[in-house]
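**Student:** Just so you know, the protein sequences line up as chains A and B, in that order.
Reminder that position 58 of the first sequence reads as 58 in my numbering, one-by-one numbering, no gaps.
Reminder that position 17 of the second sequence reads as 17 in my numbering, one-by-one numbering, no gaps.
One or more hints might be untrue.
To be verified - Listed below are several chain B residues computed to face chain A (Cβ distance under 7 Å; list not exhaustive):
| id | residue |
| --- | --- |
| 1 | Gly28 |
| 2 | Phe29 |
| 3 | Gly31 |
| 4 | Ala42 |
| 5 | Pro43 |
| 6 | Met80 |
| 7 | Ala84 |
| 8 | Phe100 |
| 9 | Gly103 |
Hint data in this document are derived by calculation from the structure and do not stem from the laboratory.
Idealized CB from N, CA, C, for every residue including glycine.
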Amino acid sequence: DAGVIQSPRHEVTEMGQEVTLRCKPISGHNSLFWYRQTMMRGLELLIYFNNNVPIDDSGMPEDRFSAKMPNASFSTLKIQPSEPRDSAVYFCATGTGTYGYTFGSGTRLTVV
Amino acid sequence: GQSLEQPSEVTAVEGAIVQINCTYQTSGFYGLSWYQQHDGGAPTFLSYNALDGLEETGRFSSFLSRSDSYGYLLLQELQMKDSASYFCAVGNQAGTALIFGKGTTLSVSS
């Protein structure tokens with residue numbers, strides 16, 4: 001298994017544009033998590049899914065953010081419209097607390 | 001609310017021992033985890049404690065005291081490659097997502 005795969009690795013976009021981040025999780029795991037990391041706020045949970053169903057999206061900053069998991073092999077995080085304060089590294093992860101999460105390599109988003 | 005407190009920075013020299021503390025306040029508790037993250041990389045899982053006591057894995061050990069809402073990560077025989085950020089994380093119940101502390105940056109010098 002190639003692990004959790006995220007794309008793109010880097011994204012630079014202009015304010016107001018739509019951004020879509022993608023995640024292919026490790027097969028066999030029921031849960032998928034989206035986190036955002038910044039120097040100021042650290043690793044923040046945005047949303048997580050169990051069996052493709054969103055369980056807790058209370059960390060999604062505002063309506064500009066949306067996430068989907070149409071099947072067990074794929075998830076997207078969309079920001080529309082993007083703003084400079086959305087600049088961060090976005091991580092997708094699978095796993096359990098007991099045995100550990102496996103994180104993807106992250107998407108470094110820069111909104112100018 | 002939930003919060004985790006850990007020091008922002010720790011410095012040490014090669015071969016030394018360092019302890020990174022973590023105190024937490026959560027509505028429930030289902031275990032304390034530790035993750036390591038090198039610059040530009042993704043967090044990687046180090047350890048998990050559900051019960052009180054010390055868990056040892058090679059040069060790294062992790063301790064938990066549930067009554068004190070406190071844990072620590074102990075790194076022994078420090079190497080330059082241990083320079084990284086270390087995060088404690090708490091799950092407040094089974095099946096929920098981990099909440100991470102802000103991280104401790106460890107700098108190991110020769």
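**Student:** Against this structure, judge whether each hint is valid.
**Tutor:** Cross-check of the supplied hints:
1. Gly28: violated (12 Å)
2. Phe29: violated (11 Å)
3. Gly31: holds (6 Å)
4. Ala42: holds (4 Å)
5. Pro43: holds (5 Å)
6. Met80: This hint is violated: Met80/B lies away from chain A, its Cβ roughly 23 Å from the closest one there, beyond 7 Å.
7. Ala84: Check failed: Cβ of Ala84/B comes no nearer than 14 Å to chain A, outside 7 Å.
8. Phe100: Since the shortest Cβ distance to chain A is 4 Å, the answer is holds.
9. Gly103: holds (6 Å)
Of the numbered hints stated above, those contradicted by the structure are hints 1, 2, 6, 7, listed in ascending order.
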